[in-house]
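Asker: Single-letter residue listing:
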Amino acid sequence: MTINKAFAGTLESGDIMIQIEPSEEGKLNIELDSTVAYQFGEQIKKVIADTLKELEITSANVKATDKGALDCTIKARVTCAAVRATGKDVWNA
Amino acid sequence: MNATKDRENMILAEAKKMNKEVFNEKNLIKDGTEKQEALKKSPKIVTLEEAIKKSGLKDGMTISFHHHFRGGDKVVNMVVDKLAEMGFKNLSLAASSLQDVHEPLIEHIKNGVITSISTSGLRGKLADEISRGLMDTPVVFRSHGGRGSAIATGELHIDVAFIGASSCDPMGNACGFSRSENAKSICGSLGYALPDAQYADKVVILTDDLVAYPNTPNSISERNVDFVVEVESVGDSSKIASGAIRDTKNPRDILLAQTAAKVIVNSGYFKEGFSIQTGSGGASLAAVKYIRQSMIDQNIHASFALGGITAHMVKLHEEGLIDRLIDVQSFDRVAAESIMNDPKHKEASANEYASADEPGSATHALDIVILSALEVDTDFNVNVLVGSDGIIRGAIGGHQDTAADSALSIIVCPLLRGRIPCVVDKVTTLITPGKSVDVVVTEYGIAVNPNRPEIAERLKAAGLNLVDINWLKERALKVIGTPAPLPFGDKVVGVVMNRDGSVLDVIKNINA
Numbered sequence: 001m002t003i004n005k006a007f008a009g010t011l012e013s014g015d016i017m018i019q020i021e022p023s024e025e026g027k028l029n030i031e032l033d034s035t036v037a038y039q040f041g042e043q044i045k046k047v048i049a050d051t052l053k054e055l056e057i058t059s060a061n062v063k064a065t066d067k068g069a070l071d072c073t074i075k076a077r078v079t080c081a082a083v084r085a086t087g088k089d090v091w092n093a
Numbered sequence: 001m002n003a004t005k006d007r008e009n010m011i012l013a014e015a016k017k018m019n020k021e022v023f024n025e026k027n028l029i030k031d032g033t034e035k036q037e038a039l040k041k042s043p044k045i046v047t048l049e050e051a052i053k054k055s056g057l058k059d060g061m062t063i064s065f066h067h068h069f070r071g072g073d074k075v076v077n078m079v080v081d082k083l084a085e086m087g088f089k090n091l092s093l094a095a096s097s098l099q100d101v102h103e104p105l106i107e108h109i110k111n112g113v114i115t116s117i118s119t120s121g122l123r124g125k126l127a128d129e130i131s132r133g134l135m136d137t138p139v140v141f142r143s144h145g146g147r148g149s150a151i152a153t154g155e156l157h158i159d160v161a162f163i164g165a166s167s168c169d170p171m172g173n174a175c176g177f178s179r180s181e182n183a184k185s186i187c188g189s190l191g192y193a194l195p196d197a198q199y200a201d202k203v204v205i206l207t208d209d210l211v212a213y214p215n216t217p218n219s220i221s222e223r224n225v226d227f228v229v230e231v232e233s234v235g236d237s238s239k240i241a242s243g244a245i246r247d248t249k250n251p252r253d254i255l256l257a258q259t260a261a262k263v264i265v266n267s268g269y270f271k272e273g274f275s276i277q278t279g280s281g282g283a284s285l286a287a288v289k290y291i292r293q294s295m296i297d298q299n300i301h302a303s304f305a306l307g308g309i310t311a312h313m314v315k316l317h318e319e320g321l322i323d324r325l326i327d328v329q330s331f332d333r334v335a336a337e338s339i340m341n342d343p344k345h346k347e348a349s350a351n352e353y354a355s356a357d358e359p360g361s362a363t364h365a366l367d368i369v370i371l372s373a374l375e376v377d378t379d380f381n382v383n384v385l386v387g388s389d390g391i392i393r394g395a396i397g398g399h400q401d402t403a404a405d406s407a408l409s410i411i412v413c414p415l416l417r418g419r420i421p422c423v424v425d426k427v428t429t430l431i432t433p434g435k436s437v438d439v440v441v442t443e444y445g446i447a448v449n450p451n452r453p454e455i456a457e458r459l460k461a462a463g464l465n466l467v468d469i470n471w472l473k474e475r476a477l478k479v480i481g482t483p484a485p486l487p488f489g490d491k492v493v494g495v496v497m498n499r500d501g502s503v504l505d506v507i508k509n510i511n512a
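Respectively, the protein sequence lines represent chains A and B.
Quick note: the first sequence uses our numbering, first residue 1, plus one each step.
Quick note: the second sequence uses our numbering, first residue 1, plus one each step.
Since the hints were made in silico from the structure, they are not lab data.
Check before you lean on any hint, since a few could be wrong.
[Unchecked claim] Just a few of them, taken from the derived set where beta-carbon distance is under 7 angstroms, the chain A residues facing chain B:
1) A6
2) F7
3) S13
4) M17
5) Q39
6) Q43
7) G68
8) C80
It should be emphasised that the depicted structure is a prediction, and the values quoted were computed from it without experimental measurement.
The beta carbon of each residue, even a glycine, is placed where N, CA and C say it ideally should be.
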């Protein structure tokens, strides 16, 4: 799947900004900066990875800037960024 | 008989009996200098450096400050910079509270100028560094009433108090506002500085408006003042209504405020002549707007409002809904101007406000208080000091004092702040014991302390949504998942005092 640079989300409190770039390493690299990293860092990375896998994205550089978003928000932002990066609509498909 | 000689001998004899000298005219100095000129040369007017030298301050002593200018304070940094420049070391800093603006203290701590701190709270970078173990001696946290008590009993002895004032005359009569046309700043009440002025060994007033004598009505008397230092600025008044104190537009805060107002109106304490205080925090401040409408609708008047006085409270007072305002700290410019102009708006010292050992303190006469919280636990214990990330980010303020003394204490907090739960199993740091907390208002429902079944009944009868506090905790966890434990170390960086002088909790360093 071709991946272009794309992002979704904001830096508002309770939101997360997801930036996706192509990777040549053939795997997912998730770089997380979170206000709640110590309590929820692993959980946030897992939600991002699981969401991308569901969308069949297995190779990308993902930069996530989290301001305390809930899992549902993270999933929505990651999905949106992925759709923008791949051009593949997952909602009306 | 020589009548004059006889009388002289009698004076001498009486003086001897009294162990006194006989009057000598040579000791009487008559100065005909025009007084306006003479006053300008008051021996109390000195530079900051002279004041420090003359005060007798030595390494290892305790200096104190107030925080009425909040984020706009300029006095702490100015004085500590000067003390560092003069080579002082190992000083204890006893502030009524510290803010983000006091970040420069980090360097002074690293350089050994300041080696211990007592305060109501810490914020910003300074709080961050201290939470990570910057200081060898733990910071001592006290409530405002607790600090007043500790100063009055001598437990917290202040050697030199440095007090910023918006006006002061050459004799030391000082106020948190100025009536002169040269007024540069205004903070209103000087309540937290009053115990310092009364009990410190030496008192230095720093002012940005040196006015003509007599600066009356005054809040600090010349009797308590040793030195007066004129400076360019003591504080930026526009920054008082910043930080914790803000007027909310957040819809969730407004919902919480409306719910809190309903709790008050149906609590059984909403009666003619009741008294009320609102803490800092958007929702508790906003609740005043909704209480006002109920007061008008039901024709109910308050005898006094306590605080932490805000523009909202001043408005209710001016409308005749609140008879008196008792003000330990003016939270905005409107409140500060009101205390200057309105005799029914009374300035109260920290002790008069909230000290446990002062039978006449205003909290003892308080019916209802609305307070905010960072965390509440299932035993109703409250934390307002340490964030859920283990970093100090708040202040005890009057939380402990008002919750303990009021007839009804209401904590208003959202269930979640971002992904951080506010209702938890155990608070990160214990600040206000659950026994003094009666009602917790969240957007998911109202929890009433089982110790107060009569309040639960009244609220239920009014149709309010009562929930179990354990349910709130579970509800939060369901949305956010289970947080990993915080990486606390073994070093004690803070000690939390209860208002009665006992030790309530410790804060450990965070390795994050």
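Asker: Broken hints, numbered, in rising order?
Answerer: Hints 1, 2, 4 and 8 not satisfied by this model.
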